[in-house]
Amino acid sequence: MQFWYFLTALTLISALMVVLSKNPIHSVLYLVFTFFCISGHYVLLNAQFLMAVNIIVYAGAIMVLFLFVIMMLDLRRNSPDSKTNLTKLAGAVVGGTVLVIIIAATRKINLGTGADNALYDSQTGMVENLGKLLYRNYLLPFELVSILFFVAMVGAVMLGKREAGERNF
Amino acid sequence: MELTSTVFTAKAIYVGVIFAITLGVAAYSTYFERIFAAFFQDRVGPDRAGPFGILQPLADAVKMFMKEDFIPANSSKWLFILGPCLSMFTALMTSAVIPFGDTIDLGNGVKFDLQGIDVNIGILWVFGIVSLGVYGILVGGWASNNKYSLLGAIRAASQNISYELAMGLSIISILMMTGSLSTKAIVEAQQNGHWNILYQPVGFILFIICAFAECNRTPFDLPECETELIGGYHTEYSSMKLGFYLFAEYINMFVSGAVMATLYFGGYDYPFYETVVNSFGENVANFIGFGALIGKALFFVFVFMWVRWTLPRFRYDQLMNLGWTGLIPIAMFNVVWTGLIILLPAEFNLSSLASIGIAIAGIPVLIVGLFIYHSIAGGKKKKTALAR
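One line per chain: the protein sequences are H and X, in this order.
For the first sequence, counting from 1, position 154 maps to 158 in this note's numbering; every step adds exactly one.
For the second sequence, counting from 1, position 143 maps to 1566 in this note's numbering; every step adds exactly one.
It is possible that some hints are incorrect.
[To be verified] No farther apart than 20 Å at their CA atoms in a straight line, the calculated lysine to any residue pairs in the SDA-like style are these: (1) Lys165(H) x Gln1741(X); (2) Lys26(H) x Phe1503(X); (3) Lys1570(X) x Leu77(H); (4) Lys1500(X) x Tyr34(H).
Note that these hints are calculated values from the structure, not bench results.
Can you make the complete structure from the sequences, with help from the hints?
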């Protein structure tokens, strides 16, 4: 429990630093650290598979690409002209709306009186059980999600494809 | 209480021993790298420090520590320091899940696994740490505030991401063969000579190519290509920070050798295991297994050096072409063919010899398929060229 408080504080601080740091590279590195903290939470929930996938996909692939693009574009450390008052206002409105929605959604959640030891299964988050659940009970949604990813991938390839002297569309 | 403390002490000693072996192997890899380079180029090599130059790594370490530790004026200081730290950290983390040996009997019925942690996601752990390895280079290269460093870092990032995909797909075939993510289970499935290399020859070739690319070794060492980028991502580094970058590369070589031995060469399995157990007892046999795994890993370290001093460097577009249009389609073919290797013997009650036969039959099928594809694609390219 003590460790949970420490980890949560670390997560929140690093997530705040993503927003507050002036340098975009520092923001990305704080975001990577935030993902590690979230992976730590997964370990505490005994969901090792989610921990590994979270690190591989987010910290290992997506954030490397983020860092890559930001380094390539070489964003200025302080570019005040990119944040006009209008964008600040829009950001505040959108962020505030999300906050209100989250509060409204979680306000009436029944957290229960603690873990039910009779029904508690420590192996729920293990990869074997997760695989069985996905491929038995939720096969159709799982396949639909994979089709969605496939369509997105084909779209990305089509957007990126430009052969010399040819137009693709 | 007594039992847990014995296991805990043994674990602590084990971790220390693995750490020491990794660092020792990495230090002496630098020496043997030069000896082999000298042999391949018909030179003498290091022979000044101690007999046969055997103290050369020590001399190098002293030189590295004594040099001025310089941080460029316009760099971001903390990230500049963080870069080599991250490189060393990720290089050392992987060996935690590698099973270096079978169980050792400590007496009083206490069994001890010669493995850091036996998590049931072992191979995903390796994959995750490998994908994090690029951060050290990326952060260090950017923090140097130098164009050449940045270019080297960006090259490293795109190269690692490209080759991770083919590596992941070749690991998937191993997972299909074993049905488990745990490295221990993968090794146990290969005992008594059923090594995965026999069932996965294509997968192993893919994996070793990707391992070369992930370790930034020649022929894939474009991030530090000195003819184009001076020193690559470590142009601005000096003293022990540079030492850590170079050292991390040698640690990565040893650890990836151990991973390859675990996944494809039976881990701590060796011939005549039963005879050794019968004549000397299980502990001795398992310690020999520990030695066998280290030996296999060292052989791969030698292969890394052998290739480095034999092959020239790739050009950058060749590297990207090989990764995306060469290795990934072959890896996908390998996944499908692995399904056939598992399915056909199970369906017709064939022996494991038959599955080896199917696995080897995959190689000519692959070559013929590639040949047909390239002749069709080549013909199309010629036609469009003529039309223009």
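Going down the list of hints, with the structure as the test:
no.: 1; hint: Lys165(H) x Gln1741(X); verdict: holds, 18 Å
no.: 2; hint: Lys26(H) x Phe1503(X); verdict: holds, 18 Å
no.: 3; hint: Lys1570(X) x Leu77(H); verdict: holds, 13 Å
no.: 4; hint: Lys1500(X) x Tyr34(H); verdict: holds, 16 Å
In this structure, none of the earlier numbered hints is contradicted; all agree with it.
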